[in-house]
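Residue numbers (our numbering), protein chains in the order written: chain S, 385 to 608; chain X, 2 to 331.
DSBU-like mimics (lysine-lysine), calculated; alpha carbons at most 30 Å apart, straight line:
1) X/K160 to X/K174
2) X/K272 to X/K331
3) X/K305 to X/K315
4) X/K111 to S/K590
5) X/K186 to X/K111
6) S/K574 to S/K445
7) X/K37 to S/K590
8) S/K573 to S/K519
9) S/K550 to X/K207
10) S/K583 to X/K207
11) X/K111 to S/K550
12) X/K207 to S/K590
13) S/K583 to X/K174
14) X/K305 to X/K282
15) S/K583 to X/K111
16) S/K443 to S/K574
17) X/K112 to S/K583
18) X/K112 to S/K590
19) X/K160 to X/K137
20) X/K186 to S/K537
21) X/K207 to S/K537
22) X/K112 to X/K37
23) X/K282 to X/K186
24) X/K37 to S/K537
25) X/K331 to X/K315
26) S/K574 to S/K519
27) X/K174 to S/K590
28) X/K186 to S/K590
29) X/K37 to S/K550
30) S/K583 to X/K186
31) S/K537 to X/K228
32) X/K228 to S/K550
For the record, the hints were derived by calculation from the structure and aren't laboratory data.
Each chain, letter by letter, is given below.
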Amino acid sequence: MKAILVIITFLFSLLYSNILQSQTINWGNLKSEERHILNVNAGWEYSFVYGLSYGYHLKTKMPIILESSISFASGEVIFDDFKTKIGGQIHIYRIENFRFNAAIHGIYRRYGNPIVTLQNFGADASITIGYYKPKWFVAGEFGFDKAIVTHFKHTQIYEEVYPEVKNGWYEPSTGGNFNFGIQGGYSFKKSDLTLRAGKIITQDFKTTPMIPFYVQLGYNYKLD
Amino acid sequence: MKTNLLYSAVIAVLIFFFIGCENENNINESGYLVPKTVDEDSSIPSIFVNGTQLHAETFGNPNDPMLIFLHGGPGSDYRNGLNVQELADDGYYVIFYDQRGSGLSKRHDKKSYSIQLVLDDLTAVIEYYRTSPNQKVFLFGHSWGAMLGTAYVNSYPDKIDGLILAEPGGLNKKLLDEYGEMSRKINIFSEVTSNLLYVDQFITGKENQHAILDYKYGISSSFSYAKGNTEGIPGPSPFWRIGTTVLESFIDISENDGFDFTTNLDQYQTKVLFLYGELNKSYGLNFAQREAAYFPVSEIEEVKGTGHEMIYFKWENVEPLVLNYLNNLK
Chain S
385 MKAILVIITF
395 LFSLLYSNIL
405 QSQTINWGNL
415 KSEERHILNV
425 NAGWEYSFVY
435 GLSYGYHLKT
445 KMPIILESSI
455 SFASGEVIFD
465 DFKTKIGGQI
475 HIYRIENFRF
485 NAAIHGIYRR
495 YGNPIVTLQN
505 FGADASITIG
515 YYKPKWFVAG
525 EFGFDKAIVT
535 HFKHTQIYEE
545 VYPEVKNGWY
555 EPSTGGNFNF
565 GIQGGYSFKK
575 SDLTLRAGKI
585 ITQDFKTTPM
595 IPFYVQLGYN
605 YKLD
Chain X
2 MKTNLLYSAV
12 IAVLIFFFIG
22 CENENNINES
32 GYLVPKTVDE
42 DSSIPSIFVN
52 GTQLHAETFG
62 NPNDPMLIFL
72 HGGPGSDYRN
82 GLNVQELADD
92 GYYVIFYDQR
102 GSGLSKRHDK
112 KSYSIQLVLD
122 DLTAVIEYYR
132 TSPNQKVFLF
142 GHSWGAMLGT
152 AYVNSYPDKI
162 DGLILAEPGG
172 LNKKLLDEYG
182 EMSRKINIFS
192 EVTSNLLYVD
202 QFITGKENQH
212 AILDYKYGIS
222 SSFSYAKGNT
232 EGIPGPSPFW
242 RIGTTVLESF
252 IDISENDGFD
262 FTTNLDQYQT
272 KVLFLYGELN
282 KSYGLNFAQR
292 EAAYFPVSEI
302 EEVKGTGHEM
312 IYFKWENVEP
322 LVLNYLNNLK
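Just chain X, with the same shape it has in the complex (with noise of 0.2 Å):
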């Protein structure tokens, strides 16, 4: 009797795996979990600089003030901020590009990243979209994207004409690490920790496995909308693919060497525009002043009805705030 069982059990086994991997898909290469990078799929539109190929596309005239969007992350893309494109119509050259190693752009080696680099990228990006040298460079960040906008203005004050920062996670280590602490809390017990945690004893990924990791973080991002997120997140907004190698160099950069933005900003004489999601709990006006003083001149204004990812969710709160401060720098 017991060798039947085990018999039928093997058999069972053997029918079940012989059915379910008859189509097995490779983990290691793009196309599969996670769409193709621009370096494996030359139908999305890119451009070369600095060394690198990066995702981008334009909208509006070229002859127009330029509006450079830098996205979140580090590693994330610009998909979640699209609806920036708007300003196109207002007269506003948009440029959208995935930061080296995000998104849809092409990866690199994991030691290959530091903040200079991504702002010679940033210097690169103007360069190649710029038509003429009086055309004006306004940039819009969110999220990781406002903390490299302002170390941008940081390094090169007198080569951005405007600057709209929404919701920089902290322009030093030291806000850096308090907004982390006051966004990030973890229980233990809780769903969200095991779906953000469970998963690594299915999935591991080695050093620049990129397909493997860039999915894996991908799919832990629904800890970032949980039900009781302090950030002010309704729910999902789309992404391409996430960096995950880029945003872990950064990690470490910031955790070995730190990192401050605001040395030079008083050098920064242009005002500059400060967003915050009315319903992110862990960012807030008092955050929001501690980062614009170090500005000599800023302006702060409240996104009603949305949380981080305002772009996205409430971008018709977002953008007369924004037209409005760049029609006045024109």
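Looking at chain S on its own, in the form it has when it is part of the complex (with noise of 0.2 Å):
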């Protein structure tokens, strides 16, 4: 069940073209020739990541933008901790320079340390409601990122712990959180320069993720 899910969302997100990590885009700056947005940013998002991203603003009449992305987080092993997604954001509606936005991933992620590596697959889905102009933006944003299914291997160091340890596929969902907050930006030429910060829950609303916020410096490069 959960695999068919996952491969619904996952058919979604590559037909519709992130939620955590969706590009943070100047809707009233982009120009519709410009097609290839390039993305590097920095931030806290559970721990110190560094993420590059790539967009393709696809030629249609309600702006959609399609993007993947992959971001590290920080450590000296740099391969073991990692998030990919794949999946675009659509501009839906607009009432002069108020604009409503939409965007949805698919997400591959690993983790690993001493005792167990995780491999998950998930989705994001996220709404921004802002103000755009052609210098500046800023907006809010609403999220949902949902760990859906998340294989677990275990080192030895956990298998004498517990020796009757099943490593494997696990189910239902193994995680999800919310997250709200604000982003803004600064543009000029073909950059914007960006900043997304807010708070993060869990799906129960009682608990939090040890450190419960986000923050993003990003930097836009947009080429035609």
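Each chain sits in its own coordinate frame; assemble them with the hints.
Structure follows, in structure tokens:
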């Protein structure tokens, strides 16, 4: 069942072209001829992360950006903790300078420590409502990130702690977090400098991650 | 071409998931990622006291002086303290139990925990195992267990015939905060920090979903023995299962209400043995002296070649100190 759900999410994200880490776009500055959006970012999202992403601006009446991204958690071992996303965002509605946008992504992420390696397929979805001008923008964002299905592979350290531990895929969903916050940015020439910040709470609305905040500084460069 | 690529990707993903999800395990249940608790597995030795079921076992002659081991945490278990059972060969009735909501003991609702409740549990454990009114009772606490032992003596100074405290993390809120600052310094760019925090997007767990929460805390335990840790912990030590809910509950109690286990310690006239590890840079002689100063009579001993987890890693250096102390009070 979980597999089907993940596939549907993945397909949906492919066809329709990210919440916590979609590209932060100034929709008021994005020109129709600008097709490629390159982004670098860094900030705190569960831990200190560095990211790269690429967005492709489709030639559609309703602005859509297909995007993919990768981010790595800081630390001496680079490739043990990372997250990749594929999906997109769409500008749905506009009243003068106010714009309503939505985004959805399929996620593959990995976590490794001396005890276990986790691989997870998940999805996120978000909405952004903001005031967009050609030179600047400010918006509120709300999103949900679901860890749909996770594979556990334990090291000898944990197998000594609990010899009967079962490696493999786990269901139902192993986690889910909501986020809400603000984003804003300054645009110049073909570039945007963006900042996002907000709070993360777990899906039961009672508990929070150990560090329940996120902040991300980003830079976009747009090409025709 | 693009369509073919898309179809290929979809088929690959389909195959991957249907093969991968063949044997899905249930994360909500004990027995998959964490062992079952005593109320879930009747083969685990346990006792029913004070309205709960505790994982417990004993070593030695039941008529010998009792030595009750109090494990750390809150929420950890007595597995890394099992070396203490060797004192049974020296004429002590050694009793181990996982505290309420800890280790393999039964889990309870987060809101049900209090300091008084775990003190009442200890009273009940003593009554359960005591074979005569004159049987002496000694407490041996490690870390949080040493704090608990102090709290017990602070409330019931006449009930305990001897107290061994191995690096209590703070006998009141102020000392606990100081120890926490010294022992839990975080570098936000380090691998250790990522190992501790990045997992929050993979596993969440709701309040009282004990199997998930306990597992999640268990896998983050590598933080405590990470390279360069200030507590002098050289590597992993064994545990059964971390009681995350009781840990979080006592953190909340500490933050919201504070605590002070020193208010009545001047009534305890028996000598107390303090142990600290030579390699624990966060504790040391100075901190031990400050804690020992609350007791009228105390002895401080340094355990050579080890840090906070002295009972597991350097029992051979701990045992003579403990045995000498106990034999003088036997």
